[in-house]
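K.L.:
Sequence:
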Amino acid sequence: MSEKLSYASAGVDINEGEAAVRSIKKIVEATSIDGVMSKIGGFGGLFDLSVLDMAEPVLVSSTDGVGTKAYLAGALGSYKTIGIDLVAMCVDDIAVLGARPLFLLDYLSVGKLDSNLALEIVGGIAEGAKAVGAALIGGEMAEHPGSMTDGHFDLGGFVVGVVEKSKILGSHLVRAGDSLVAIESPNLRSNGFSLARRALLGNAGDIDHGGNRDLFQTLVDAKPFDDGRTLGQILMEPSVLYSPILQELSKTIDIHAGAHITGGGIEGNLSRVLKDGERAIVKRDSWEIPPIFSLIQRSGAIDDDEMFRVFNMGVGMVLVIDHDQRKEAIATIELLGHRAYEIGSIESAAKGVELR
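In this text, residue positions in the sequence shown follow UniProt numbering: the first is 1, and each later residue adds one.
Possibly wrong hints are sitting among the right ones.
In the SDA-like style, the derived pairs of lysine to any residue whose C-alpha atoms are separated by at most 20 Å in a straight line are [what the hints assert, rightly or not]:
#1 LYS39 with ARG22
#2 LYS351 with GLN247
#3 LYS112 with HIS152
#4 LYS165 with LYS283
#5 LYS223 with ARG22
#6 LYS112 with HIS144
#7 LYS283 with ARG272
#8 LYS167 with GLN247
#9 LYS327 with GLY133
To be clear, the hints were calculated from the coordinates, so they are not data collected in a lab.
Please model the entire structure based on the sequences and the hints provided.
P.N.:
What follows is the structure, encoded as structure tokens:
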């Protein structure tokens, strides 16, 4: 007689899943805002749009993930801030359209579900959600035994926000003479980690496929700079949340468009807010590039063009604003606790982005 099978023997622990849901209930419900009608555990999240005091509200949605930063988080056992990265990747994509986030959902897939791991990851998402004024109204946790190793996970997110129709930002507002104001990114955010791991850690960075665990630990525990942080801490530093900055800035500054600098770098993302006949001129020496990027470049012998194509290079958000307000915009951003730079302008020329 063959052995009796169960879901647990196949690698899926329903009891642990239920424990995980119980563990996150309070932190998720603590993100609730006006308009949320549902509790955690239902089949769907409910939001009442009638609470919005807007003439012509337009819903804006986006989805994103954290890339292979999740792999590094699993290898390091560092789960507390990866949820903030997820919120940033989703929410900052709609912020550039002028939208404020209303609610988020997340999708967490793991090799083996552990309620403590889920609590750390979802706790980070909840922390990010509260920081941007959004509710976490639902999500999914899925065990993938056999296809993902224990301790590793993947993370995806979904956001819905709202903007007044007359206040949508984008290429339709951009014009020659506008200035480019950048907001700093002191780290990689969630982009370029496959290249960064290979450059900084070599084969040791692939510990699930023959990488040397001892060498990996030695490398990530090294302190490459004078600030006392380990390489692992530097790489796992959470992304800046730009959405609250843009919401505050828009009260006094005429923002025309914004580019969230993620995969594709400055050129690949800034080009998305240009019309035909508009060219963005970006001066490479107009901001300070954080040392982590120089370390990656030296370690991997990576050329300049590739670095600027893959990484944000210290610029996580570029705003296109009225030229006369550039100094006020920079001053306001810095009062909010972030460094900002005037990095270029919009000219009448063939469409594109030129890094000089």
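K.L.:
Hint by hint, say whether it matches the structure.
P.N.:
Going down the list of hints, with the structure as the test:
Note on LYS39 and ARG22: the hinted pairing holds, with a Cα-Cα distance of about 12 Å set against a maximum of 20 Å. The hinted pair formed by LYS351 and GLN247 fails the criterion: a straight-line CA distance of about 29 Å is larger than 20 Å. With a C-alpha separation of about 8 Å, the suggested pairing of LYS112 with HIS152 holds against the 20 Å cut-off. Taking the CA atoms of LYS165 and LYS283, the gap is about 33 Å. The hint is violated against a cut of 20 Å.
Taking the CA atoms of LYS223 and ARG22, the gap is about 38 Å. The hint is violated against a cut of 20 Å. At roughly 7 Å between alpha-carbon atoms, LYS112 and HIS144 fall within 20 Å of each other, so this suggested pair holds. A C-alpha spacing of about 18 Å is found between LYS283 and ARG272, which places the hinted pair at or below 20 Å, so the restraint holds. Straight-line distance between C-alpha atoms of LYS167 and GLN247 comes to about 12 Å, which keeps the hinted pair within the 20 Å bound.
For a cut-off of 20 Å, the pair hint linking LYS327 to GLY133 is broken: about 27 Å separates their Cα positions.
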